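Trainee: Letter by letter, the chains look like this.
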Amino acid sequence: MSVFLAKRFITLLATLIGASIVIFTVMEILPGDPALVILGVDATESSVAALTKELGLDRPPLERYFDWIGGLLQGELGNSYAYKVPVSELVQGALQITVPLAILSMILSVTIALVIGLYAAANHNKASDVTLMGVSQLGISVPNFWLAVLLILYFAVNLKWFPPGGFPGWDQGFWKCINALILPAVALATVQGAILARITRSSVLEVFREDFVRTARAKGLSQRATLWLHVLRNAMIPVITVMGLQFANLLAGTVVVENVFYLPGLGSTVLKAINNRDTIVVENVVLMLAAMVVITNFVVDILYAVIDPRLKAHDI
Amino acid sequence: MTALALMGLLPENASTTGSVNLDGENLLQKSEAEMCRVRGNKMAMIFQEPMTSLNPVHTVGRQIMEPLRLHKGLSKSSAMQEAIRLLDRVGIPNPAERVSNYPHQLSGGQRQRVMIALALSCSPDVLIADEPTTALDVTIQDQILELIQTLVQEEGMSLVLISHDLGVIAENTDNVIVMYGGTVVESGKTDHIFDQLTHPYTQGLFAAMPKVGMGRGKRLTTIPGTVPDLINLPSGCTFTDRCPLASDICAGNIPPVNQMEGSHLVTCHHLQQAVSARSKGLYE
Numbered sequence: 000m001s002v003f004l005a006k007r008f009i010t011l012l013a014t015l016i017g018a019s020i021v022i023f024t025v026m027e028i029l030p031g032d033p034a035l036v037i038l039g040v041d042a043t044e045s046s047v048a049a050l051t052k053e054l055g056l057d058r059p060p061l062e063r064y065f066d067w068i069g070g071l072l073q074g075e076l077g078n079s080y081a082y083k084v085p086v087s088e089l090v091q092g093a094l095q096i097t098v099p100l101a102i103l104s105m106i107l108s109v110t111i112a113l114v115i116g117l118y119a120a121a122n123h124n125k126a127s128d129v130t131l132m133g134v135s136q137l138g139i140s141v142p143n144f145w146l147a148v149l150l151i152l153y154f155a156v157n158l159k160w161f162p163p164g165g166f167p168g169w170d171q172g173f174w175k176c177i178n179a180l181i182l183p184a185v186a187l188a189t190v191q192g193a194i195l196a197r198i199t200r201s202s203v204l205e206v207f208r209e210d211f212v213r214t215a216r217a218k219g220l221s222q223r224a225t226l227w228l229h230v231l232r233n234a235m236i237p238v239i240t241v242m243g244l245q246f247a248n249l250l251a252g253t254v255v256v257e258n259v260f261y262l263p264g265l266g267s268t269v270l271k272a273i274n275n276r277d278t279i280v281v282e283n284v285v286l287m288l289a290a291m292v293v294i295t296n297f298v299v300d301i302l303y304a305v306i307d308p309r310l311k312a313h314d315i
Numbered sequence: 000m001t002a003l004a005l006m007g008l009l010p011e012n013a014s015t016t017g018s019v020n021l022d023g024e025n026l027l028q029k030s031e032a033e034m035c036r037v038r039g040n041k042m043a044m045i046f047q048e049p050m051t052s053l054n055p056v057h058t059v060g061r062q063i064m065e066p067l068r069l070h071k072g073l074s075k076s077s078a079m080q081e082a083i084r085l086l087d088r089v090g091i092p093n094p095a096e097r098v099s100n101y102p103h104q105l106s107g108g109q110r111q112r113v114m115i116a117l118a119l120s121c122s123p124d125v126l127i128a129d130e131p132t133t134a135l136d137v138t139i140q141d142q143i144l145e146l147i148q149t150l151v152q153e154e155g156m157s158l159v160l161i162s163h164d165l166g167v168i169a170e171n172t173d174n175v176i177v178m179y180g181g182t183v184v185e186s187g188k189t190d191h192i193f194d195q196l197t198h199p200y201t202q203g204l205f206a207a208m209p210k211v212g213m214g215r216g217k218r219l220t221t222i223p224g225t226v227p228d229l230i231n232l233p234s235g236c237t238f239t240d241r242c243p244l245a246s247d248i249c250a251g252n253i254p255p256v257n258q259m260e261g262s263h264l265v266t267c268h269h270l271q272q273a274v275s276a277r278s279k280g281l282y283e
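Note that the protein sequences, when read in sequence, are chains U and P. Take 0 as the starting number for the first sequence in numbering that gives the first Met the number 0 and just add one per residue. Take 0 as the starting number for the second sequence in numbering that gives the first Met the number 0 and just add one per residue.
Quick caveat, the hints were computed from the structure, so don't treat them as lab data. Be aware that one or more of the hints could be misleading.
[Stated by the list, open to error] FRET-style restraints, in silico, Cβ to Cβ:
hint, chain 1, residue 1, chain 2, residue 2, range
1, U, Val-129, P, Leu-21, 36 to 42 Å
2, U, Ala-155, P, Thr-15, 54 to 60 Å
3, P, Leu-27, U, Val-129, 26 to 32 Å
4, P, Thr-15, U, Thr-10, 49 to 55 Å
Owing to the predicted nature of the structure, the values given are computational and were not obtained by experimental measurement. Positions of the beta carbon are idealized from the N, C-alpha and C atoms, including for glycine.
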């Protein structure tokens, strides 16, 4: 097990180093001078040059790259060019929204998926299965921002159960914040849950055809006991793979839904920073996202080994 | 298929007709819940594919304990003791250690031994072995069959052995049913059948066996043609297309059951020709 973990950990570090190089290079190539964006198009050449020097952007790229990484290792992210505040402060505010939102969406998505997927698989080819799969097809087809608008119209404007948008901040109380995150979480979880439900169903059905399921039935286990005791764990590998991908997507790819609900999450922060050519913010946030994705994959890899003892054996 | 039908484990869209009698009860009339109490308890099964018949994510101990806890209501610790005893019984060395192994850590022969331990766990009345040695190499085949034979005698179980290996059948059975295309073509005492091969298919099976001293370079005898499509079986004798004795009557009419010596039954339209063909061989 420890060899397995060590190998995975080295992969994790290598991926992060690679990602940091790619991110830095892309931001170097990206046209647009931060100093020029801050000062506006009317700025004189000398003031632009002075600001460039002040921001430290006149130094060679390699020096700035190692500066950045060195700072990261000491927990120092630098200051935003556009807002003159520490990047860590900007990111912290965004993380307080994005991470709880991602977790809430994931819980919803997995609940929807397991309930629908298992029920449909247990009732394979019956009316309930066909109906549920039809509904999930609908869930996949609906764009999440449109669903978000519908949810706001019905649950926030008509029923007034939830706020239509915005985020009160965690100092305003736990339930108030959760309340503000429920509608965006539902909007995000519907599509992902529908996809995951279909994967759960097909994976369970595939495992049901395995020989060991016949053995379990020959032991005298009922169809339902076989599903819970023998099929489920074997069927979880593809489900967990997709769950990992979906969680990464929830952390980084929710800009549109965040905007519909006026949530200043990580996606919105990075989008604003790109428009401002606030390269230091972009670099740090994107690297952080990459780190979260890589760590999610790391956790998924460990889960594989926990679920299937054969994987551990192959790696050692 | 036949074995799965006996266990009531055919796919949902299959329909089973006739009757399966165990202890005077027709299993086909039992509900699914009642069948769950029969399977693994009164009737157990060993499958053809030991490599895939065990759940890869559970230890073998846990898999053997399952029927014990289900049918006998044993506690976890006593089920574990019993599992270790069973592993020892089927000849697995170091059973106390092996019990916490996963199937991938065992060889094919050992996995089949685990399957046998599993089938044996609740001392069933009937043991169905569906080609139990097909996937194993020859030396292991012999050990496994010997093990099954010993256990059957010591536990007083009935054995239903499904095999295409005539040597295996001759050594391990009292009665034989020869089946072709889903129907019984010949049945009787093993000794009678091996002495008096009658049905053209049975004769073909024997002719196809390699014989000691038949000489190098000589081709094995085969039954011409291929197995019929099970969805479009002929309405009469299922062996019609491949039978050297077939005539117009065979394809459309179900052949009569002819009684030979004792309980020896042969299902054929051309019994006399088949009997007289014994000496010279039908497929030369």
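Trainee: A separate judgement is required for each hint: does it hold in the structure or not?
Mentor: Now for the hints, and whether the structure bears them out:
Range check, Val-129 (chain U) to Leu-21 (chain P): Cβ separation about 38 Å, and the 36 to 42 Å hint holds. For Ala-155 (chain U) and Thr-15 (chain P), the Cβ-Cβ distance of about 58 Å falls inside the hinted range of 54 to 60 Å, so the restraint holds. The beta-carbon spacing between Leu-27 (chain P) and Val-129 (chain U), approximately 30 Å, falls within the hinted interval of 26 to 32 Å. Distance hint check for Thr-15 (chain P) and Thr-10 (chain U): the Cβ-Cβ separation is about 53 Å, which falls inside the suggested range of 49 to 55 Å.
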